[in-house]
Amino acid sequence: MTDALLTIDDVNVSFRFSDGHYPALNHISFSVSQNEVVGIVGESGCGKSLTARTIMGILPDNAMLSQGSIMFDDTDLARLDEQEWQAIRGRRISMIFQEPMTSLNPLLTIGRQIEEVLKKHTKKTKRDMKAKTISVMNSVGLPRAEALYKSYPHHLSGGMRQRVVIAMALIGEPDLIIADEPTTALDVTIQAQILDLFKSLKATRNMSMVFISHDWGVIRSVCDRVIVMYAGRIVEEGTVEALLQNPQHPYTKALIQSIPDHTKKGQMLYTIPGTVPGLKERGSGCPFASRCQHKQAICEQKFPEPVRMGEQSVACHLYSEAGVLE
Amino acid sequence: MMTKPKSIPLFIGISLVVTISITMLISFFYTPYDPNEIHSASRLSSPSAEHLFGTDNFGRDILSRIMEGSQTAFLTGFSAVSIGLTVGLVIGACAGYFEGWLDELLMRFVDALLAFPGILLAIMLVSVFEPGMGSTIVALGIMSIPTFARIIRGSIIQYKKFDFVQASIAKGAGSLRIIFRHLLPNITSPILVAASLSFSGSVLAESGLSYLGLGVQPPDPSWGRMLKEAQPYITSAPWYVITTGLVITLMVLGFNLLGDGIRDSNDNRA
Amino acid sequence: MRYFAYKFSSFLMTFILVSVIIFFVFQMLPGNPAHIILGLDADEQQIRNLEIELGLDRPLPERYFDWVTGIFQGDMGESLRYQLPVADIIQDRLPVTLSLTVLSLLLTVVIGLPLGLYIAQKDGKWTSIVLSILTQLGISIPSFWFGFMLILLFGVVLSLFPTYGYVPWSESFFGALKSFFLPSLAIAISNIAVVIRYLRNTILDQAKMDYVRTAQCKGLSEKAIMYGHILRNGLIPILTILGLTIADTLGGSIIIENVFALPGLGNLLIQSITSRDFPLVQTMILYLSIIVVTINFIVDLLYRLVDPRIRSKG
Amino acid sequence: MKLNLATRTLTALFVFILLTACSNTDGQNHEANGSNSTNGQENNHSSAEVSGGVVRIAMSTEIDNLDPYVSAATDTMSMMDNVFDGLLDTDESGQLVPAIAEDYDISDDGLQYTFRLKDNVVFHDGSELTAEDVVYSYEKLAGLNGGEPISSQFEIIEKIETPSDFEVIIHLKERSSAFLAANIRPILPADYDNHSEKPIGAGPFKFESYVVGQELKLKRNDDYYDVDKIPFLDEVQFKIMPDPESSILAMQAGEIDIIPGISAQGLLQLGDQVKTVSGPQNMVQIMALNNSVEPLNQKEVRQAINLAVDKDMIIETVSDGDGIKLGSNFSPAMDFYYEAGLEDVYATNIAEAKKLMKAAGYEDGFELELTVPSDYQFHVDTAQVIVEQLKEIDIDVDLKLIEFSSWLENVYTDEQYEATIIGFTGKLDPYEILRRYVTDYKRNFINFEHAQYDERIDQALKATNPTEMARMYKDAQSILTEEAASVFIMDPYRTIAMTNGLEGMKMYPIQKFNLEDVHYTE
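Residue numbers (this note's numbering), protein chains in the order written: chain D, 1 to 326; chain B, 1 to 270; chain P, 1 to 314; chain A, 1 to 522.
Next comes chain D alone, as it looks inside the complex (with noise of 0.2 Å):
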């Protein structure tokens, strides 16, 4: 993995509260490579969206980094200050969010949004980031870009907004895109047009994109590589095709058995029982130890190493002890 553009590297992100410190991130390596897409799917509550968020610097005023190194690039986001985050964010790496009825300045004009990015980081005169907006907009596929230019938030639809996201996202020209859930909050018509925004853009840009969502459906179309994660950790990882057909954790075979899925119809949805622990109710152990079927006395105690299996790796006592050399 040399060629990798991201590496993350045992990363620990905990929470404090007036009673203690508790962690939210244990232990998350990872890496994105050049031009590849990278998954992480998960229950609400997992983290991914923390994740997305320590990429990107912004972590909630009471979360902080406690361990471990973000290689981009050869620099360590870890140990940036505000200010050298300031210059990467928009420009190196940005960032796509679910909601995009929200996440737009409801004053502001459209055209001006999104050439915040470049006002920021570029010394364009203002007739070039005029038209360089106008270009991505239409490249986003926003019609009548030059009318919309001087729109407001309110006059556009939701679909239209997140690709206003989408074009504030990739007018900087980042090397790597966080997308957070960028079709959940879509009708489904609308999130198909999207997917196939990304499908092309992946196709056209060749960029680097971590992808959050919890629909194994977008992860499929979108993404090379997955990772699964719960309650803060990564239980398992691997290409796509690996983990849809051969899924070996517990709760990531759990998670399968829960898509929605014609071949299925008329049958009764699948769901996992229990709920994800909350942060203060999570111990030394795995986890998902509470809802496993496959629960064993060491499940509560030690959180299992990750044991690689050909295309996928996987965090689960099952497979350290099926006599998988460690």
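Since the hints were made in silico from the structure, they are not lab data. Where hints are given, some of them may not hold.
Claimed, not checked - Some chain P residues flagged as far from chain D (calculated, every beta-carbon gap over 12 Å): (1) D92; (2) P95; (3) L113; (4) C217; (5) K218.
To be verified - Footprint (simulated), chain A over chain B, 3 or more residues, beta carbon under 8 Å: (6) 48 to 60; (7) 128 to 135; (8) 167 to 178.
These numbers come from a predicted model, not from an experiment. Note that the Cβ used here is the ideal one computed from N, Cα and C, for glycine as well.
Starting from the known structure of chain D, fit chains B, P and A onto it as the hints suggest.
Relative to the frame of chain D, chains B, P and A by itself:
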């Protein structure tokens, strides 16, 4: 789980309100001196062990008068809030529940009340009824109608959309029943907050009116009136002005912090 | 255009409603202005003559009609007590009240906004508690009592400011500023507290909004986010507060003028009510209400300027 | 009518001066040496008099109208008195002295008054003052020109003759000893009626400018006819300051030179920065008892109340000791007519009061409603003391404050009250003062009925010599006391504070700021 420091303002508010309430209750049975007893020999004496807050221009004990004045403050505050709440409730509930032209009409009326700066409205109303405690209460009550009406209307419109209300409407329950059984119980806490804030607002406005000589009149004791009487002695007997005003401030502060605290703890729960 | 037509008609409605209320409310007041003017020893004939002279004997609706039509023609009638045109008297008093209002509003903005902004960026647990108590204190202090305290401190102990009356602007700019400073501060204190509170709350609320995260992800500096994004959104609730503040300030000046012996409208108003100088009182209250309504209208316009969402609703 | 709501204590008495429609009245006090000043009259002319300078005077009430025939406010008249002169004027002792008139005669039947005018009097606009102007002025006052009479004192004028440019003969319809004092009313230039905006008189000061609610400026009249009395001062500024506290602070700051009514508290604050002139002001503050309601219609009850009210204590607490105790409706300021000794008839005696109450059948006391105009802090304060004092004889006083406007209607006009507190302002004519208790007088709101009293007043009016007149008026005062018509409380002092370096301010039994003699010393 509420973190401790956050509840400090609420705690201070409750302490102030409780302290002043207790003082008010005590004043019914005991004051250090007869609040009206005149001692021409000890006029305008400064605070001492004998007279903790000093004496006024009649040689009356200021502490005793302040204690007695708390009765007026509570009475005006409480009555004004009751009037404002009752009328505001009727207007707000009708407007919010029935909406349509009735809503439009009632809200125009509320808006017209708001077209006058608060104290101006009170001055107008008080002069119509002759200055005195009764007219002060009525004026302050009318002044606080808009707040209650708006809050109640807003909450009712909001809660009306909920299924449990829609269900009772569908079941054909009477409007009154729906308003009282289903809607009002759900908006007690915003009403409580508004009541607390409007209580402190009334106390403040009463003191202002009485200071102008338009509010509570002797022999009814009133803090604002005391300040009016203290004004000529501001330099020769500054304690008179200082203690009286301080008590008004603390009482208003107490109810403001209380109202705010209730609101905050509600927000935290939500 | 439809917006303006609607606004204008509602403005007119308010005017008529308010003028009717004011007129008839004051006619209900007990007390005969003629007798008050003539004093204790006046005999009935004298009183009767003065009533006729002042036009107090004519039927109410007629007097109302005359008053309102007069106002539209710029004639507000004559004061019963001063025997001078109401317009002249108000004109004499207006500069004081206006100066008070403008200066205290200025103080509110100049002190309240930067302080609120500064404090909003210090988001510590203890800051917020201390601040919440301090601002509540500012809101709870009766303005007239605060005025007394200012007089005691700055006028008597430190002798820095005059504590009564005023110097006209035309006479000495700094003299006028000095004479209006304490009373304006007394009025402004609660508004400053309100502005700080609201500004801080809205800024903290806005800072949690998604668009702020978006801006962060563009690489904008905290400053750029604060001034380019948050403040703009925070301005809307602040506008409402400032609108209310102006009405409050006008009301506050009624009391404060009495504390600092300023010959303004508020001072005049109280005196005119006790002397039953109806034409003066009615017109003044109408004046003040129109100012309030007009300010609400201006605030409305400002909303439209700041918030495109309202603008497009038309 | 100016009823400011800013708190006031002593200055309140300036406000009640406004209660009267007009204060300049007739009188015949040839010998009255009324203006005794407790602190000693400012008559010290030893230090060098300096001509010129500006004097700034704080006035607590607003000017109601600059036109002297329209104005009803005593304060306004006091200020404008410097602009206008009448045929006669009053000196500090209340004696009438010639002003515009050179001298005058009264016919033996008392019906014909002949005034000879000075021939060098000019108005401020430069025109000469002649008999024509006097006729114009008096016809206006008397309503002889077709208008309503402005002053009832002039209504007895039958006709006015002008034998020459500088001689006026006034014929009265009936004999009245009260007419002479009426001649202090200002003489105005004929056919000029813009006094409300630019008043023109013939007085020692000229009108300069007026800003409503703020300031009245007068300038010295260098062409004043009485060369000896041309003022020293260049300019006088009356500053309207309704709040007594602010005028004191202003004086402290050197922004004010004279405060005409200052409280003891205020003096304490100013310390030796100022000197004062003070004395009774010919005002009568009373607790009026409605003689026609139960149980106040009983003399014993009224006497008991009189015995229970400790006037000294009221003077001490309400007026800071600055006031003179009264026993009847008359102030010692008008010494010539004043019956001394009455103030001690009802020395406080609770035991005696209780005895009287018992005799009247009110051993257990009763409830008494005391209605007080809320606009006057001075009366409200007095009422608060009286409430406490009457508790001693078990009278439960129900204090009821109403606005002065309602007071005029309910109490003064409709007589719907039991007891009230009010102040009657100074008049030069005892008749004007004592007439209030005459049975058929319209404004006898106390409902005092006493045939002998009515007779005495009538005799006084018809009296031909001053001593006899005074005796009748003194008798009348005694009757009021004996009958305990009301509780006559005090005449609060007027204290004038002046900055050091100013001299020449005099006190009069009517409110008058005579600034002719006021001057700076070196």
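Do the hints match the structure? See the list:
no., hint, in the structure
1, D92, "44 Å, holds"
2, P95, "37 Å, holds"
3, L113, "18 Å, holds"
4, C217, "4 Å, violated"
5, K218, "4 Å, violated"
6, 48 to 60, "holds (count 3)"
7, 128 to 135, "holds (count 3)"
8, 167 to 178, "violated (count 0)"
Of the numbered hints given earlier, the model fails hints 4, 5 and 8; all others are met.
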